[in-house]
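Under full-length UniProt numbering, residues 1 to 260 are what the sequence shown spells out, in order.
These aren't lab readings, by the way, just hints derived from the structure by calculation. Note that the Cβ used here is the ideal one computed from N, Cα and C, for glycine as well. One should not assume that every hint holds.
Distance ranges between label pairs, derived from CB positions [as the list claims (entries may be wrong)]:
1. ASP89 / PRO170: 21 to 29 Å
2. SER110 / ASP81: 22 to 30 Å
3. ASN59 / PRO170: 27 to 35 Å
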Amino acid sequence: MNKGGVGKTSLVTNLASILAKKYKKKVLIVDTDAQGNSSIAFGKNPYEFEHTIYDVMLNGCNPKDAIRTMKRNIDLLPANDDMNFLEFDVLPYLDKYTRPYYLLKDGMESINKEYDYIFIDTPPSLGFVAGNCLTYADHVIIPFVPEMYDVKGLIRVVKAIAEFRNDYNPSLNIGGVIGMKVESGTSLHSEMLQEARKYCDQSGIYMYETIIPKTIAFAKAVAYSSVPAILSSESKNKLVSSYDDIAKEFLAQESVKGQV
Numbered sequence: 001m002n003k004g005g006v007g008k009t010s011l012v013t014n015l016a017s018i019l020a021k022k023y024k025k026k027v028l029i030v031d032t033d034a035q036g037n038s039s040i041a042f043g044k045n046p047y048e049f050e051h052t053i054y055d056v057m058l059n060g061c062n063p064k065d066a067i068r069t070m071k072r073n074i075d076l077l078p079a080n081d082d083m084n085f086l087e088f089d090v091l092p093y094l095d096k097y098t099r100p101y102y103l104l105k106d107g108m109e110s111i112n113k114e115y116d117y118i119f120i121d122t123p124p125s126l127g128f129v130a131g132n133c134l135t136y137a138d139h140v141i142i143p144f145v146p147e148m149y150d151v152k153g154l155i156r157v158v159k160a161i162a163e164f165r166n167d168y169n170p171s172l173n174i175g176g177v178i179g180m181k182v183e184s185g186t187s188l189h190s191e192m193l194q195e196a197r198k199y200c201d202q203s204g205i206y207m208y209e210t211i212i213p214k215t216i217a218f219a220k221a222v223a224y225s226s227v228p229a230i231l232s233s234e235s236k237n238k239l240v241s242s243y244d245d246i247a248k249e250f251l252a253q254e255s256v257k258g259q260v
């Protein structure tokens, strides 16, 4: 999770898709971003759904009534711009919502055991909605885009997660850092990745060996095939190969740390 434009949706939808397609895992993608990009990645209009994650969090909607199957073994709990108003619909009414940072966790409790993995596509900022995501999650995977911010930005995110863990979710861990939108031929990207890896090594944080290259393959797959790149007909490109390797590392980390 991090600022916008770091490839969160690409990471979530493609990793979930390859785990479902290749490893036959049953996965759920929970979209909490008001832009509804996870829905768009599967060719869906975020406004076509009768119920969304907003209803699960605030209106007592059973998540089963909001979840839709996108592909075999891949379910989606959608979001739309109602999420822009979540904070304003909750914080003035704390007499009603006495556990504001547990709305997502409490709303999803009934279906947690029905999936091998539940992935959350988070909003761009570390605000109220992201706080609910951190309370619900077991692990956080942090996308790191070398050209968007330096290692100081990564450090700030790690510290924010640590503070939230101490206050709200003692079981929360950082599941890894993944280099995203990397141009391997540029010295700047190589240097920043090296600095990030050094920081992660010193901090005991796993940084994935695999990086996700900067490419239009994700946008192209969504535009022409209405699916993430992993599920598109052109599934033999560098992006797909990278996500295949990411999935292998992800599963290896799971075997070390337990369920992610």
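To see whether the hints hold, each was checked on the structure:
{"no.": "1", "hint": "ASP89 / PRO170: 21 to 29 Å", "verdict": "holds (28 Å)"}
{"no.": "2", "hint": "SER110 / ASP81: 22 to 30 Å", "verdict": "holds (26 Å)"}
{"no.": "3", "hint": "ASN59 / PRO170: 27 to 35 Å", "verdict": "holds (29 Å)"}
Hint compliance for this structure: no hint is broken.
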